[in-house]
Structure formats: C-alpha cells, structure tokens
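Asks: One letter stands for each residue in the lines below.
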Amino acid sequence: MLSVAGAAVIWIALLGPVITLFTHLSAGEIASALTGPGDLDPLVTSLEAGAVTLVVLLAVCTPLAWMLARGRLPLPRLWEAGLLCSLLLPPLVIGLLLVFMVGPYTPIGEVLGWFHQDATNTFLALVIAEVYESAPYYVLGAQAAFAGVDTRLEEQAALLGDRPVRVFRRITLPLAAPGLAMALAVAWARAMGAFGAVVIIAYHPFGIPLQIFTTLAETGLATALPYALVLLVVALPLPLAAYLWSARAERRRRG
Amino acid sequence: MLSADVEVDRRDFTVRAALRVAAGERVALFGPSGAGKTTILEAIAGLVTPRLGVIELNGRVLTAMPSWQRRVGLLRQDPGLFPHLSVRANLTYARSAAPTAAELSELAAQLGIDGLLQAMPARLSGGQRHRVALGRLLLARCDALLLDEPFASLDATLRRSLTALVRELAEQRSVPSLLVTHQLADAQAFADRLAVMDRGEVLQAGSPDAVVLRPASRRVAELVGYLGFVPAGSTGTVAGVHPDRVVPGADPARGLVVSGTVIAARPSGAGWEADLRAADAAFTCRVPDRPAGTVSVTVLDPPYFGPDGTLADRGVRS
Chain C
1 MLSVAGAAVI WIALLGPVIT LFTHLSAGEI ASALTGPGDL DPLVTSLEAG
51 AVTLVVLLAV CTPLAWMLAR GRLPLPRLWE AGLLCSLLLP PLVIGLLLVF
101 MVGPYTPIGE VLGWFHQDAT NTFLALVIAE VYESAPYYVL GAQAAFAGVD
151 TRLEEQAALL GDRPVRVFRR ITLPLAAPGL AMALAVAWAR AMGAFGAVVI
201 IAYHPFGIPL QIFTTLAETG LATALPYALV LLVVALPLPL AAYLWSARAE
251 RRRRG
Chain H
1001 MLSADVEVDR RDFTVRAALR VAAGERVALF GPSGAGKTTI LEAIAGLVTP
1051 RLGVIELNGR VLTAMPSWQR RVGLLRQDPG LFPHLSVRAN LTYARSAAPT
1101 AAELSELAAQ LGIDGLLQAM PARLSGGQRH RVALGRLLLA RCDALLLDEP
1151 FASLDATLRR SLTALVRELA EQRSVPSLLV THQLADAQAF ADRLAVMDRG
1201 EVLQAGSPDA VVLRPASRRV AELVGYLGFV PAGSTGTVAG VHPDRVVPGA
1251 DPARGLVVSG TVIAARPSGA GWEADLRAAD AAFTCRVPDR PAGTVSVTVL
1301 DPPYFGPDGT LADRGVRS
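Chains as they are written, first to last, in the working numbering: chain C, 1 to 255; chain H, 1001 to 1318.
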C-alpha cells in the first residue's frame, strides 16, 4: 500500500505540468483562442509534418536500426556513438547546424534550388528539422526492438524454407512490431513537440509549438495555453494506441 | 543419404567430420560439451560456413546453398516455436507444409497435441513445445533431421518417451537423422550408430554396443564412462573398468578379477558406488551392497589398452 502511495506521489509530480495546464484553462479561453479563422492551421501543419516525418523515419531509419541490431555494420560502436552525438546536441544547435548544412547558400541548398525547393522556412524545412530531432530516438528504439527478436527463430524460419525477405516479414517484423510501435510513438511525440531546431530553420510555416511561442510573445500566457492543450490532444492518440496495441500483442502471445 | 565431409574452423580448434547417414538411419554424435558436435549440425544446416568440404543430401550438394533451400530440419534444446503464432500456424509454417485437415489431425494425435491446435506456444509445457516443434519439422517434409540435444532440459521419463517418438517417426519417414548429445544413454536409446567426438575429431564410430564395450582408445573409454584403468599384465597393458560392468566376488570365467581396498562408498540408486584402490590404480564401481575393507570384484569382459592407449584386445562380447 505504501509503495502504491509512493508511486502515486511520483506520478502526480511528473504530471505536474499537465495538471497545471488543465487548472489554468477555461472553456471560454479555449473557444476564443481556437475559433478564429486560421486558428487551427498550425495544428494541420504539425500533423502533416509529423506524418511525413514518420514515413521518412520508417523508410530510412528502420533498415539502419535492423542492421545495427544484427551486427551487420563494421565498427558498430562507432555508428551508435554517431547517433548518440545527434541525441546529445541541443535541438537549437541542430537547427543552427542545419542552416549551414541545407541552407540556400550550401551545396545541398543549391541542389534543392534546381528543383525549386528551399530548406529554410518551408514545409520541407519543418520536416527536415523534425526528422533530425526525432530520428535518434526512433533508431535507438527500433534497434532495441530488433535486438529483442531471437535470431534462432529467424534461423528456424529459414530452415523451414523461408527466404530472408519472408523471414523478415513473417518473423522479425511481427516480433519487433510492439517495440517498433513504441519507438515510433516516441519519435512522433518528439516530432510534434519539436521546437529548438524548428525555430531556427523553419520559423514558417507555423506548427503548434511555434504557435504557442509566438502567441505567448504577442498576447500572453492565457492565449498560448489552449494551443498546448491542442498539442496534447492531437499528439497523444498515436502513442496511446501504440502502447495499447503493444500490450494487446503481448497478451495475445501469452495466450 | 546425408554425407558431410567438412572442416570448420573454430576459435580453439578445427572441427573435422566425415559422416554418412543413410535414409532411415539414425546416427548419434556423442562427446563432451564443446567437442564440436553442434558445429557439424550447424554446418549441415547452413548456419556456419565450413572452411572446406562437401555436404550432400540425396544427391544435392548443400555446401554453398543458403539454409532456406536445404530442406534440412533442425530441432534444438529450445524448440524455437514462433511465439506470435498459434500451434496450428506453427505446425503449418513451412510453405512445403500443406496438410489436409485429416493429415494435421492424425499427426497431432500421433504427437499427443491434438487438443492444443488453437493454443499459443506460451501456454504449452516443455514437452508439448518439443512435440509441436517436431511436428513442424515433419510437416515441412525435411529431407534430413538434425537434433541438437533437443530434450536435454526435460526430465528423464519425458526424454525417453520423446526420444522413442522421434525414433519411430524418423524410421517411418525414412529420413537420415543425426542426434547430438552428451548423454550416452540418449545416444544409445536413439541411434543405430554412434560417433564419439572430442576436440573436433571423430575418435570412433560404430554400433553403440561396440563403441561402449570396445572403445578404440583410452580417451574414448573415458568419454563413454570408464572410470578407472587397472594394470593387466607386465607390458603396460591396462584393463578399462566401467562401473556398470563390475560384479562383486571373484569369477575369473566372466572377466578380470581385481582385489582392492575401498577408499570411499556412497549410495547410488538402489545400490552403492565405491572407489577402490588396487595396486597403483584406482577405479570406481557400482555394487548392490555397501562394500568395506578389502574386496574382490570381477570386471566383466573388459577392454584392454596397450601402452599407446589404443585398444589391445579386439574381442567382442559374446
């Protein structure tokens, strides 16, 4: 009983900001902040950029995570250290460095220019910033998910006649899926809340975090908080669904 | 027919094997842990790459073939059931497995898992998991069966019944089967032919009876359970003493009579296990009653080894 009470105290302390958010919001404030024309545009921008970011992470980072987990890369610690470096850099610094990397006067920026694209203050820039802020979380989570799949099961599937691609589809992916879903949920939360890199390289178009920041600067805390609620409400379902699905998959396995 | 003439490099030594297993034949690779037995199975299954050699199965050269094309079934100590699939889905996992409902029911009944087809592997006992894994291999219509100490973690009764079941099924389907074990009793219960391995080399191969009763060398004798060697003659020849091949009392007609002093005695099953010292040799034997002081025992028809450690007497048990 004492341990439950202790856990509850810690849990409530950790939820402190969320509880504070709800205690400082009134229905009137939410309605007046979110019902004007274009008030929900940042929400749409955030959802679209977050969705594209997830697709990029799934397509590009999943194979890397699998190779890291299966020891298919030489000097594996070096690859992991590289990922940790990008995890350790403050997002604001990532944003600054992205300007030097993909800004309009860089080689990459010039190449993008040939296709009439620009990686600063555009939707593309927002996606790039979100990818860089969330990718290390996804890769490390997905690596752990793949590493948790017993390679002897993959060997057994191969001995039963499955080609490597079929082994991946029928064994590796289903067994790693709960872990991958959780890694994706963390990456989603990170992408939706991305601010540091975004404020430098993608000030426009506004996503929700920037909307909160600019509203706070222009009209004060009371009008900014409803956007925080919106961020929470739209960002939560995916991680929650991932969590529930993982738990269900685990229950099904236990029979 | 499965044949494997391979050399596989390991960190500490090279594993060499030249094995032939005919269709329906059961061979056991027996030896201590780390002798290289599993390495041979893994080379046949395509999980390790031999440095040189050729592996053939029914005329197909497997040596450079990926695992998924080999049609070789491997059953390990961990049955390796896919935890996200039901028993039925595990059984019919292989694409080559397309049993009719009647075939599936018949096999499930034969394996004693007929009420479990809808269950998830996590719900099964150890023995049931092995039965499902075995059924999965049989339905996959593998051309050879490789068994890597599959039942080592199970209790003796279950191990015996599952070994008998594999033996029966392998015989029915006429596939070559290769069992790896460090339990001599398991090897004897399963195989028609026994190959004794140590540090990567096959030291002796033959019928289980011949290998156990006439080990080719002192090392093989030690591996198959001889717990002492007593001098027999003046030329440095010694007789191997297997604890189970000793009877109390002097009976020169049945073997070598040895007198010795009991150093230690401890209960063993329904009898006693005693350490005896005779002249400058010590050996262990099992006798029905607790021995004490100086006793005479008869070592039944023992194998003799020359000074070079090889078998000196080529006789066989009558």
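None of these hints come from the bench; they were simulated from the model.
Treat each hint with caution, since some may be false.
[Stated by the list, open to error] Derived contacts from chain H toward chain C, CB cut-off under 8 Å, selection only: (1) Arg1011; (2) Phe1013; (3) Leu1047; (4) Trp1068; (5) Gln1077; (6) Gly1080; (7) Phe1082; (8) Pro1083; (9) Ala1094; (10) Arg1123; (11) Ser1125; (12) Gly1126; (13) Ala1140.
For glycine and all other residues, C-beta sits at the position ideal for the given N, C-alpha and C.
Asks: Hint by hint, note whether the structure agrees.
Replies: Now the hints, each set against the structure:
The interface hint given for arginine 1011/H is broken, as the beta carbon of that residue sits about 17 Å from the closest beta carbon of chain C, more than 8 Å. Restraint check, phenylalanine 1013/H versus chain C: the minimum CB separation of about 24 Å is more than 8 Å; hint violated. Restraint check, leucine 1047/H versus chain C: the minimum CB separation of about 6 Å is within 8 Å; hint holds. Checking tryptophan 1068/H against chain C by beta carbon gives a least distance of about 5 Å; that is within 8 Å, so the hint holds.
For the restraint placing glutamine 1077/H at the interface with chain C, the shortest Cβ-Cβ distance is roughly 10 Å, beyond the 8 Å limit, so the hint is violated. Restraint check, glycine 1080/H versus chain C: the minimum CB separation of about 4 Å is within 8 Å; hint holds. A distance limit of 8 Å between C-beta atoms decides the matter here; for phenylalanine 1082/H the minimum to chain C is near 6 Å, and the interface restraint holds. Given hint, proline 1083/H at the interface with chain C, holds; its Cβ is 5 Å from that chain's nearest Cβ, closer than 8 Å.
With a cut of 8 Å, the hint placing alanine 1094/H at the interface with chain C holds, because the nearest CB-to-CB distance is about 4 Å. Taking 8 Å as the C-beta contact cut-off toward chain C, the hint placing arginine 1123/H at the interface holds, the least distance being around 4 Å. Evaluation of the serine 1125/H hint against chain C yields a violated restraint, the C-beta minimum of about 13 Å exceeding 8 Å. Checking glycine 1126/H against chain C by beta carbon gives a least distance of about 15 Å; that is not within 8 Å, so the hint is violated.
This hint holds: alanine 1140/H has a C-beta 5 Å from the nearest C-beta of chain C, less than the 8 Å allowed.
In terms of the numbered hints stated before, the structure departs from hints 1, 2, 5, 11, 12, listed from lowest to highest.
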